[in-house]
Amino acid sequence: MDTILLVGLVVGGTALLSWPLGHYMKWVMDPGPGAGPRRRALDRAFERVAGRLGREPQAWKRYTIAMLAFNAVMFLVAFAFMALQQVLPLDPDGKGAVEPSLIFNTIASFTSNTNLQHYSGEVAMSYLSQLFSLMWLQFVSAATGVAVLAGLARGLTGRSEMGNFFVDVQRAAFLLLLPAALAVATLMALGGTPMTLAGAAAATTLEGTEQVIARGPVAAFVAIKQLGTNGGGFFGPNSTHPFENPTFWTNGLSMICIILIPMASVWMFGRIVGRMRHAATVFGVMLFLLLAKIAGAVYFEAAPTQAFAGLPAVEQVAGNVEGKEMRFGTPYGSGPLWGALTTSTSNGSVGAMHDSLNPVAGLMPMIGMWLNATFGGVGVGMVNMFVYIIIAVFIAGMMVGRTPEYLNRRVEAREMKLAALAVIAHGFFVLAGTALFAVTPWGVDTLNNWGPHGFSEILYEFSSASANNGSGFEGLGDNTVPWNVATGLVMLLNRYVPIILPLAIAGSLARKRATAQSAGTLSVQDATFGVMLVGTILIIGALTFFPAAALGPIAEHFLYVS
Amino acid sequence: MRLLLASVRVTAVTIGVCVVGYAGTILGVAQALVPVAANGSLVSSPGGGVIGSRLIAQAFEDPGYFWPRPSAVDYNGAGAGGSNKSPTSADLTERAEGAIARFGATPESPLPPELAAASGGGLDPHISEHAALYQAGRVASARRLSPSRVGALVRESAFSPGGALTRDRVVNVLELNLALDGVSASGARGTVVPAAESRGAP
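Chains as they are written, first to last, in our numbering: chain A, 119 to 680; chain B, 7 to 208.
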């Protein structure tokens, strides 16, 4: 019962908060001609920062190239900081150099908003790398996502120019992410999260043993980690570490931050294209799928730890306790709830060890990553959903014999090819990567669990990389050159391809003449379309990934649990 | 190219504002408002040395102390982590059998499961009130205190981590053990632990 209350408060409360935030995001990203003088002064400042290119109106190709150029610079600058961490300041605990393939993987990961971590933060990274490399990327990769969504939405209104990427990314970073992060970081610090530049503390315990306690500038890091659907933790165990998540209340705040901006992005999209009822339909579809995953995760996590089932000397209490923290409440509450939220978005932080979730409870995060559109990453979640919408509109139109159109523009073969490519790319990266690593020592030698659960570890890792999630079944020994290179490439490819293709679709749609709304137009804002959209998402997801699910989590469930 | 120049300029400004400005502000606010928490909630002994952190579990093996949850990283505060074992894994069964032996659990007096299961970060400072009361008998006889006294101490220390939103109360193992030492400061325990000297025994 308290679990249902927790879910209701977190999901419902955030949904309520997302409404005014979406309104604010529209003011930030697309102020329009009605903006006040101070708002316009901010935009002029952003234009000046970008120099001569700050004022150029960019059509979709130019916008995309600007985005890629900025992301390339992001990669290079962050890489340089991390590669030199051993000679740069802010390293009180003397972390050495980071191995090159790990630097590549980490920078690719944070540049793509994934935050996959093949390292443990307090072991490998200096404070300088954590702040100037990783935390900086957390801001600007999230800002990139929001900017891209705003550009897409503007394109769909028929404007030939999508805006100016350099101005958009600053708007998102300074007017949205920064104030939100300041507020959240302060609350986290007040809740007990450390914030210091002092090195690790050396303690002598009550029984006389030495204990080195790592700390650092955690509160600032955690705030933008959650708000920007980044997910990379300051410490290895992420938000199960008591410093990263000290209390039940910081736990709740963190969960709210995971879905807040992704939810608000849907409203921002609706406001920019001027179709709020359509946005509400999409929001409803996403919410339905999210709640289904939460219900599945919570239900299956309520089974007690199977490994203790044959031990009468251990209490058989509801809930699988392995990998959970006591301060968050029941083991089938916050852990699986967080797991569903973090993988429905592209966050990837964890409030419980996913490798230790019950098999089918661990399948829910995988489903979230395979669909990658139930709220999804900041900005890009809605961009992914846009691809599903195009496909749903096309299929629906074909089924009833009407020309498919979306927001008054015809959806034709060219748009469908681009959309299909976007969906196929994700499936390809996940399945081909998993297949390769499941049959070679690259994957097989790095497993922490044998049998179907081992397969799940590999499947999860590629799903996480391709979906730009970043969580993992962390028993996997993934700090090897093959894992670093393979997942690094997948993260980059499936970050930019699913951004470029939808922007191209929007650009292509914008060039067409607007068709008038008539009685024959298929509505995209009623329950029928909602059901159609859910069906499209599930069919594409189920068809693509069900066989892999059967080999991993479902096999494990039937072999061991039932 | 002008694209690269624009990118570099935006880079510089975002680093200045979102890293230096932001982190600096939060650093100042945290150190000013909550200095103890900002530096890791460290606990000091009367002698001045750091005993540990209120938020970070530490190892306890003396029967006169309450024992925390198992840790997959042996309470390493500089390299935390979980076991990441599947809940169907035979390794977990093995570890649970070790815990049963250590706590002396029997089917008539079964072990609370969190004392057999590792926490996510390996540094979980809490156990449930129930798990603490489970150990109260052992602690009481090791310290030659009455079990009801120890039980009362546990109940006093227990709190509900989520207020009205959580049902089960928990105790902070380190704080409970410090309170215990305060109660039996005369050292009337069955076994002498060398650590008493390093703590500045009264």
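None of these hints come from the bench; they were simulated from the model.
Take the hints with a grain of salt, since some may be wrong.
[As the list claims (entries may be wrong)] Computed Cβ-Cβ distance ranges for the label pairs, DEER-style:
#: 1; chain 1: B; residue 1: 39; chain 2: A; residue 2: 198; range: 57 to 67 Å
#: 2; chain 1: B; residue 1: 96; chain 2: A; residue 2: 327; range: 24 to 34 Å
#: 3; chain 1: A; residue 1: 427; chain 2: B; residue 2: 22; range: 30 to 40 Å
[Claimed, not checked] Derived pair list, reagent style SDA-like, types lysine to any residue, alpha-carbon separation capped at 20 Å:
#: 4; chain 1: A; residue 1: 179; chain 2: A; residue 2: 276
#: 5; chain 1: A; residue 1: 213; chain 2: B; residue 2: 110
#: 6; chain 1: A; residue 1: 179; chain 2: B; residue 2: 9
#: 7; chain 1: A; residue 1: 179; chain 2: B; residue 2: 85
#: 8; chain 1: A; residue 1: 535; chain 2: A; residue 2: 630
#: 9; chain 1: A; residue 1: 213; chain 2: A; residue 2: 197
#: 10; chain 1: A; residue 1: 179; chain 2: A; residue 2: 517
#: 11; chain 1: A; residue 1: 213; chain 2: B; residue 2: 8
#: 12; chain 1: A; residue 1: 179; chain 2: A; residue 2: 614
#: 13; chain 1: A; residue 1: 213; chain 2: B; residue 2: 9
#: 14; chain 1: A; residue 1: 179; chain 2: B; residue 2: 7
#: 15; chain 1: A; residue 1: 179; chain 2: B; residue 2: 10
#: 16; chain 1: A; residue 1: 535; chain 2: A; residue 2: 564
#: 17; chain 1: A; residue 1: 179; chain 2: A; residue 2: 618
#: 18; chain 1: A; residue 1: 144; chain 2: A; residue 2: 392
#: 19; chain 1: A; residue 1: 144; chain 2: A; residue 2: 297
#: 20; chain 1: A; residue 1: 179; chain 2: B; residue 2: 33
#: 21; chain 1: A; residue 1: 630; chain 2: A; residue 2: 526
#: 22; chain 1: A; residue 1: 535; chain 2: A; residue 2: 618
#: 23; chain 1: A; residue 1: 630; chain 2: A; residue 2: 297
#: 24; chain 1: A; residue 1: 630; chain 2: A; residue 2: 277
#: 25; chain 1: A; residue 1: 144; chain 2: A; residue 2: 122
#: 26; chain 1: A; residue 1: 213; chain 2: A; residue 2: 317
#: 27; chain 1: A; residue 1: 213; chain 2: A; residue 2: 597
Even glycine gets a Cβ: it sits at the ideal position worked out from N, Cα and C.
Hint check results:
no.: 1; hint: B:39 <-> A:198: 57 to 67 Å; verdict: violated (35 Å)
no.: 2; hint: B:96 <-> A:327: 24 to 34 Å; verdict: holds (30 Å)
no.: 3; hint: A:427 <-> B:22: 30 to 40 Å; verdict: violated (56 Å)
no.: 4; hint: A:179 <-> A:276; verdict: holds (15 Å)
no.: 5; hint: A:213 <-> B:110; verdict: violated (42 Å)
no.: 6; hint: A:179 <-> B:9; verdict: holds (13 Å)
no.: 7; hint: A:179 <-> B:85; verdict: violated (46 Å)
no.: 8; hint: A:535 <-> A:630; verdict: holds (17 Å)
no.: 9; hint: A:213 <-> A:197; verdict: holds (16 Å)
no.: 10; hint: A:179 <-> A:517; verdict: violated (33 Å)
no.: 11; hint: A:213 <-> B:8; verdict: violated (37 Å)
no.: 12; hint: A:179 <-> A:614; verdict: holds (13 Å)
no.: 13; hint: A:213 <-> B:9; verdict: violated (35 Å)
no.: 14; hint: A:179 <-> B:7; verdict: holds (17 Å)
no.: 15; hint: A:179 <-> B:10; verdict: holds (16 Å)
no.: 16; hint: A:535 <-> A:564; verdict: violated (38 Å)
no.: 17; hint: A:179 <-> A:618; verdict: holds (9 Å)
no.: 18; hint: A:144 <-> A:392; verdict: holds (11 Å)
no.: 19; hint: A:144 <-> A:297; verdict: holds (16 Å)
no.: 20; hint: A:179 <-> B:33; verdict: violated (41 Å)
no.: 21; hint: A:630 <-> A:526; verdict: holds (9 Å)
no.: 22; hint: A:535 <-> A:618; verdict: holds (13 Å)
no.: 23; hint: A:630 <-> A:297; verdict: violated (39 Å)
no.: 24; hint: A:630 <-> A:277; verdict: holds (11 Å)
no.: 25; hint: A:144 <-> A:122; verdict: violated (32 Å)
no.: 26; hint: A:213 <-> A:317; verdict: holds (11 Å)
no.: 27; hint: A:213 <-> A:597; verdict: holds (17 Å)
This entry does not satisfy hints 1, 3, 5, 7, 10, 11, 13, 16, 20, 23, 25, going by the numbered hints stated previously.
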